[in-house]
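Got chain A sorted already, so can you dock chains B and C onto it with the hints?
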Amino acid sequence: MKTLILRTASNYLLPLLLLFSVFILLRGHYLPGGGFIGGLIASIAFVLHAFANGLENTKSLLRTHPGFLMPVGLTLAVISGLAPGIFGLPFMTGLWYDEAIPVIGMIGSALFFDIGVYLVVIGVTLTIIFTISESA
Amino acid sequence: MLLAVLSGFIFALLLVPFGKVLKGKWSILLSILPLALFIFFLQKIPQVIDGAILERNQWVPQLGINLDFNLDGLSLIFALMITGVGTMVFIYTSYYLKGHVYLDRFFGFLCLFMGAMLGLVLSENLITLFLFWELTSISSFFLIGFNNEDPASRKSALIALSVTGLGGLCLLAAGLVIHGITDSFSIVDMLQSSTMMQDHSFFMAVVCLIFGAAFTKSAQFPFHFWLPGAMKAPTPVSTYLHSATMVKAGIYLLFRLSPAFSGSELWHYSLWCVGGATMVYAAFQTLFRDDLKSILAYSTVSALGILVFLIGLGTEEAMLAGLVFLLVHALYKATLFLMTGIIDHAAHTRNVSELSGLRKVMLPVAVAGFLAALSNAGIPPSFGFIGKDLIYEASLHTGVFPLISTVALVSTNVMLLFAGFLAGVRPFIGPLPTKYKDLQAGSPRLWVPTLILATLCLVIGLAPGLISNSLIAPALVALGIQDYALDLKLWHGFNTVLALSATTIGLGLGLFFLLKPSLNREEQMLKWEKYSPLAFFEGMGSLTFRFSTLWTGMVQNGYLRNYILVILLFLMALIGYGMWGNFHPKIDFTQLLDLTFYETGIMAIMLGAIVFTVFTGSRLTAVAAMGVVGYSLCLLFVFYSAPDLAMTQFAIDTLTVILFVLVLYRLPKYLPFSDSRVRVRDGIVALGFGGMITLLALGVLSDPMVSEVSEYYSANAYKLAKGKNVVNVILVDFRGMDTLVEITVLVIAALGVFGLMKLRLKSRERIR
Amino acid sequence: MEILLALMTGVLYAAGIYMILRRSLVKLILGLILLGNGVNLLIFLLGGITKGKPPVIPDGPAVLGEVFAAPLPQALILTAIVISFGLQSFAIVLIKRAYKVVKTDDLDEMNTTDENA
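Protein chains in written order, with the working numbering: chain A, 1 to 136; chain B, 137 to 904; chain C, 905 to 1021.
Only chain A is shown next, with the shape it has when bound in the complex (with noise of 0.2 Å):
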């Protein structure tokens, strides 16, 4: 599968595939969309750039294991919950910034906890497909 035509075309894909999957991810509070596709779209760049350029360029671009992300977004996710308890609320009670920001939008402590969800599936989805096809 290791074609000159995907081969090159990964390479412009993949960093798109991201944008495109921050950008699903960041319009989930509002269209269509959100941190489980967001996540799920960025593996499927990921698993794109491997089966053109082979497994070890993608870890190699990678640096680190992408396991290492599941227990970042478990984090943040945790955090983005606890937070309230800072101001006295109850877990996981929307915290809301009030001026929207231009591009992003309203923060809050909900697009945070969709950030957690994106990172964790994204860690999750390929160390799965990582793992079976380093060993398959």
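Hints listed in this document are in silico derivations from the structure and should not be mistaken for laboratory results. Using N, Cα and C, we set each Cβ at its ideal position, and we do this for glycine too. Honestly, I wouldn't trust all of these hints.
Stated by the list, open to error - With the Cβ distance kept under 8 Å, some of the chain B side facing chain C (calculated, not the full set):
1) K663
2) L743
3) F748
4) V750
5) L781
6) L834
7) Y854
8) A885
9) L892
Chains B and C alone, transformed into the frame defined by chain A:
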């Protein structure tokens, strides 16, 4: 008191890291623990004489389960016995098992047992009583099976555990029923509501359950068989658990609860029968034994029978006799066991027929044995004489068949006297065989504890005042017997009791000189073993095992398909029964006219893909077709206003297909495993279930839709969570907690995959 | 339309169950996936289906209009899809592992926990 109870457990825990250090010559230091506890309980005596000490510690107050301890006269006697005999046994063990690899482990179990036993006799709560009860069974299991390389030892341990464990469950059940009656787990409360208990319709159940617990623990007929088997344990264990303390737990329970049950005919007559049968049967068994420990085991069972019998008589005199005999027995039987251990240690045999003349080489042991045999025989001036006097007095004055009672007791005592002399005197008299010329009594750590216990048998006999007001009187108060004119003394003048004692002694000694021990007779006796309760119990065990094997083979046959088939058929029957009669779907066929070309097309593709997935012979085609099914589903989501779902389904479907392709590459081709008949059967079941689901869906759809929850989320998505994509708002805000758990589950799955793939196969796992 | 979807759900169930009842490990997993799809479709169908009205609040109003697709079943199914991916990958790896150890994908030969049985 909490600390006193827990100290055994704490010591046992500490022995895990520090046991290696103490295993050597310092192991005697461990006897400081029982000694300190003994002194602790001794100095409580003055307080207890004034009244019971109640200590309350909350544990699970919501359920009424608390670590409440009650130190009254009865508990005190037991606590002193546990710690006193414990001290001797600890000192003895430090030499007896010197240099044993697992000495630290042994002491750990002993400490554990001591803590549990103290907890048992001090508990004021039925549930904690049960917990400590089971803990003694468990520590006893480990101690009996201490020589775990020996299969016989393991088997005995298992039998003991299953019998006493069964009793423990009875105790738990009894506790729960009592709680149902009195609404409290407190023993004190229970004793105070005695009439309420006895009038209750569950009274019989309570009594039977309590019997189940006490009779198994205290080895009453027909549950006695575990105790002789338990003699596989090292001698210190037999001394401590299986004669002096643990087997007395059942007696303790009966004593403790007797104020609540006394007066009930069921209670008195059952105890009278069981105790009487046990004492005579077990005493009779001793006549045929040659092994020292076996003799002592059966005589212990017999003594326990006497105690149960006395509690069954239930008069004030009988209770007094029971309490005194409890102490008498603990002292002389512990002595005899320890003595047996010394002989076994030196001569490497426990068969009485092979032993004689040992007094010439181990005089202190001979003295101890003789004193214990005196006390056992009830020959004045030993403590045993007082005990026997009281027993005869109680049986003569009882209202329950005084003649039969007395005859049974006398014959039991005659045989017990014989057993005691056989164990305590026979090995030491006569000529010394040459092969035993070089034997030695061994370290003072062995014979000093033995001699101390033996001397106590004599000292208390000479000065019964030592215990009468300090121990026996408070214990009687604890049993609900106030103001009893207590007068313990050796000499009561010439009366019937003295005549009975003299008869016993005369007959017993006669028996001793007539009947020589022989290995032959023991073997004769063993022929009858196959009709014993033990054989019955083992038969039940193997029958259960065979039945469960058969049942498992039938139900759990290991074929996944069969399980699924059964589950499906059951579900179909259940749902079909529910739908039968009240199923009236309103199917509106006009809606089919609204179908667009796209919808019909997608459905057709999906149907084709499903058929392909199922019937294709190539795995790759099947996976591809399965992918098509997923993509069609994705398109359906697009049509029916679920963009989020469509995107997710698309991504997941892609990843699944990739995954399959990665793995399938290495898996074998399909084989035509099933024959066509099985396939037709499965096809019918599958179609039936699918059809039922369709009908079910149509039935549900024809009912009016309730969508309050959806409406709530839609109405409040922007107001409360400032989001406009309601699905995403539900995921990250309204039900954020669920999502958090979900991603955790995903992480676990990923870790599972990683672990399964990265683990190397061990050579053991490679089959063929 | 509901009739067709209900029929399709039934077909997915039947196909999934038929595959699960086969002896091959691979078919077992394929059956699980088909069954999962069937369940998702069933929940979706029972939640009520609406054409062209996604549960997204348009710019301007603060609440959804009168007719819209129910968001709750969608949220349920979304998580179910993702979770089933985790389940499937785990099952797939389990097959692979089992195949490595037992050297068969015949379920009938995996009917005991004992070795060499």
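Evaluation of the provided hints:
no.	hint	result
1	K663	violated (39 Å)
2	L743	holds (6 Å)
3	F748	violated (10 Å)
4	V750	holds (5 Å)
5	L781	holds (6 Å)
6	L834	holds (5 Å)
7	Y854	holds (5 Å)
8	A885	holds (3 Å)
9	L892	holds (5 Å)
When held up to the earlier numbered hints, the structure conflicts with 1 and 3 and fits the remainder.
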